[in-house]
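Starting from the known structure of chain A, fit chain B onto it as the hints suggest.
Number of protein chains: 2
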Amino acid sequence: MAAAAPPPAPTPTPAPPVEHQLNPTPYTTFVRIRLATPSDVPFIHKLIHQMAVFEKLTHLFTATQESLSSTLFNSPPFTSFTVFILEVSPNPFLIAAPHLTQTLFSPIVTHVNLDLPIEDDDSEEFKIVGADGSEVYVGGFVLFFPNYSTFLAKPGFYVEDLFVRECYRRRGFGKMLLSAVAKQAVKMGYGRVEWVVLDWNVNAIKFYEEMGAKVLQEWRLCRLTGDALQAYGD
Amino acid sequence: MAAAAPPPAPTPTPAPPVEHQLNPTPYTTFVRIRLATPSDVPFIHKLIHQMAVFEKLTHLFTATQESLSSTLFNSPPFTSFTVFILEVSPNPFLIAAPHLTQTLFSPIVTHVNLDLPIEDDDSEEFKIVGADGSEVYVGGFVLFFPNYSTFLAKPGFYVEDLFVRECYRRRGFGKMLLSAVAKQAVKMGYGRVEWVVLDWNVNAIKFYEEMGAKVLQEWRLCRLTGDALQAYGD
Numbered sequence: 001m002a003a004a005a006p007p008p009a010p011t012p013t014p015a016p017p018v019e020h021q022l023n024p025t026p027y028t029t030f031v032r033i034r035l036a037t038p039s040d041v042p043f044i045h046k047l048i049h050q051m052a053v054f055e056k057l058t059h060l061f062t063a064t065q066e067s068l069s070s071t072l073f074n075s076p077p078f079t080s081f082t083v084f085i086l087e088v089s090p091n092p093f094l095i096a097a098p099h100l101t102q103t104l105f106s107p108i109v110t111h112v113n114l115d116l117p118i119e120d121d122d123s124e125e126f127k128i129v130g131a132d133g134s135e136v137y138v139g140g141f142v143l144f145f146p147n148y149s150t151f152l153a154k155p156g157f158y159v160e161d162l163f164v165r166e167c168y169r170r171r172g173f174g175k176m177l178l179s180a181v182a183k184q185a186v187k188m189g190y191g192r193v194e195w196v197v198l199d200w201n202v203n204a205i206k207f208y209e210e211m212g213a214k215v216l217q218e219w220r221l222c223r224l225t226g227d228a229l230q231a232y233g234d
Numbered sequence: 001m002a003a004a005a006p007p008p009a010p011t012p013t014p015a016p017p018v019e020h021q022l023n024p025t026p027y028t029t030f031v032r033i034r035l036a037t038p039s040d041v042p043f044i045h046k047l048i049h050q051m052a053v054f055e056k057l058t059h060l061f062t063a064t065q066e067s068l069s070s071t072l073f074n075s076p077p078f079t080s081f082t083v084f085i086l087e088v089s090p091n092p093f094l095i096a097a098p099h100l101t102q103t104l105f106s107p108i109v110t111h112v113n114l115d116l117p118i119e120d121d122d123s124e125e126f127k128i129v130g131a132d133g134s135e136v137y138v139g140g141f142v143l144f145f146p147n148y149s150t151f152l153a154k155p156g157f158y159v160e161d162l163f164v165r166e167c168y169r170r171r172g173f174g175k176m177l178l179s180a181v182a183k184q185a186v187k188m189g190y191g192r193v194e195w196v197v198l199d200w201n202v203n204a205i206k207f208y209e210e211m212g213a214k215v216l217q218e219w220r221l222c223r224l225t226g227d228a229l230q231a232y233g234d
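From first to last, the protein sequence lines stand for chains A and B. The UniProt record's numbering numbers the first residue of the first sequence as 1 and each following residue consecutively. The UniProt record's numbering numbers the first residue of the second sequence as 1 and each following residue consecutively.
So here's chain A without its partners, still in its complex pose:
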């Protein structure tokens, strides 16, 4: 709705900068980061597929819900492959959700104030309905596992995937997920958090550098897979 024009000013004054002309109504979005459970596999599967599309690597995507279920959740969190889920909701999260009260990791609950509401066209696909009828939406995930530095003689975490759905980007949610992993690494006395980035993904590189990471230009990833790997079997 257009505002009525103000009466003419007695003397011309310069127009304020554009951002000051806006007087946004904040839309508060509540966020929770928690450990994934086996019931999250359908969401994890869809998120991995969206990531493969974004990375133009769908020809390498062969994961199924069944293969994810059989390979994740076989070890206690942080000792092997571990997934954090990012949930968003227009309503506050109950801090003391009993099924999420884990001694190893207390869910991180926060909120952001946005100028505009988030339009989520896939909300039905990523909706979780609680026992009390509350609705939350899966917005992203991070999958990581321990690695080891022989120079430090310390474990660290390697982040295999960090993904936030398109409509939730540029709100700090990716930073929240990666920060949660870094915080857990510090808590456990670990020495490093590492991951890889595609060299053409300049936005991601800028984002990681702003978070304090160094991009190591000299190292190249080597991969032995498929028939070349199978040749080493008996």
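In case anyone wonders, no lab produced these hints; they're calculated from the structure. These numbers come from a predicted model, not from an experiment. Possibly wrong hints are sitting among the right ones.
If several chains are the same, the list does not tell them apart, and a pair holds so long as it fits within one copy or across any two.
Lysine to aspartate or glutamate pairs mimicking EDC-like chemistry, simulated, CA-CA at most 20 angstroms apart [what the hints assert, rightly or not]:
| hint | residue 1 | residue 2 |
| --- | --- | --- |
| 1 | K56 | E218 |
| 2 | K214 | D199 |
| 3 | K175 | D234 |
| 4 | K206 | E218 |
| 5 | K214 | E160 |
| 6 | K214 | D227 |
| 7 | K183 | E160 |
| 8 | K183 | D227 |
| 9 | K187 | D234 |
| 10 | K175 | E209 |
| 11 | K206 | D161 |
| 12 | K206 | E194 |
| 13 | K175 | D227 |
| 14 | K183 | D234 |
| 15 | K56 | D199 |
| 16 | K175 | E194 |
| 17 | K187 | D227 |
| 18 | K183 | E209 |
| 19 | K175 | D161 |
Just chain B now, with coordinates in the frame of chain A:
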């Protein structure tokens, strides 16, 4: 001992190629690849330091025998950080070394025939004397641990370090160590073996490609460590 000169031939014949003029005595060197045990930590520590020197990265080397002991060997082999040790000996290995008979990994025993004996100036530092007085020498190691591909929904192995001492190089021992990891990956139904290489180490890149690995040129390693990591603690 020089052979007596043969009687002059009735007609001159061309000299055979140089390699055919040599008639080397083969020096058989026996090799064993086995899982490391906590008693190998002093060797592992020295090997990691030699690797740091080779990679010109001694400023990053802070490992001690104590820190290695407290972070390795806390989980069953292959479920977390795992070390294979390469041993060499002028004498055959006893296949049925009772203390090495592990259900998860049977030591790999083989031999190579060399034209010249290996001159190991550091043999005293890397000597293991068996209960029967037999002497073997630690020649190298590989440290690896499980990683995970979300696209395959399968675990793999990530090789953090592969190192063969200078005097044992160019005899196929590095290939034996990496092959042992690849073979174990196939045995466990894993999808990939991955590692990183410095882009200036052209010999290593050639070696890895000959083993069937692909060098992925597009990916860059990101690392969050030191104060930048600690900042994520509370």
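Verification of the supplied hints:
1. K56 x E218: So K56 and E218 pass the 20 angstroms test across copies only (13 angstroms; inside, 24 angstroms).
2. K214 x D199: both (13 angstroms within a copy, 17 angstroms between copies)
3. K175 x D234: For K175 and D234, the Cα distance is within 20 angstroms only across copies (16 angstroms; inside one copy 45 angstroms).
4. K206 x E218: For K206 and E218, the Cα distance is within 20 angstroms both inside one copy (18 angstroms) and across copies (16 angstroms).
5. K214 x E160: both (17 angstroms within a copy, 19 angstroms between copies)
6. K214 x D227: Classified as between: cross-chain Cα gap 12 angstroms, same-chain 34 angstroms, threshold 20 angstroms.
7. K183 x E160: Intra 17 angstroms, inter 23 angstroms, cutoff 20 angstroms: intra-copy only.
8. K183 x D227: between (39 angstroms within a copy, 12 angstroms between copies)
9. K187 x D234: Between copies, since 9 angstroms is at most 20 angstroms while 43 angstroms is not.
10. K175 x E209: within (11 angstroms within a copy, 36 angstroms between copies)
11. K206 x D161: within (17 angstroms within a copy, 29 angstroms between copies)
12. K206 x E194: Result: close within a single copy only, 16 angstroms intra versus 26 angstroms inter.
13. K175 x D227: between (38 angstroms within a copy, 18 angstroms between copies)
14. K183 x D234: between (43 angstroms within a copy, 8 angstroms between copies)
15. K56 x D199: Within one copy only: 14 angstroms inside, 25 angstroms across.
16. K175 x E194: within (15 angstroms within a copy, 27 angstroms between copies)
17. K187 x D227: Classified as between; 14 angstroms across copies, 41 angstroms inside a copy.
18. K183 x E209: Result: close within a single copy only, 17 angstroms intra versus 38 angstroms inter.
19. K175 x D161: within (13 angstroms within a copy, 30 angstroms between copies)
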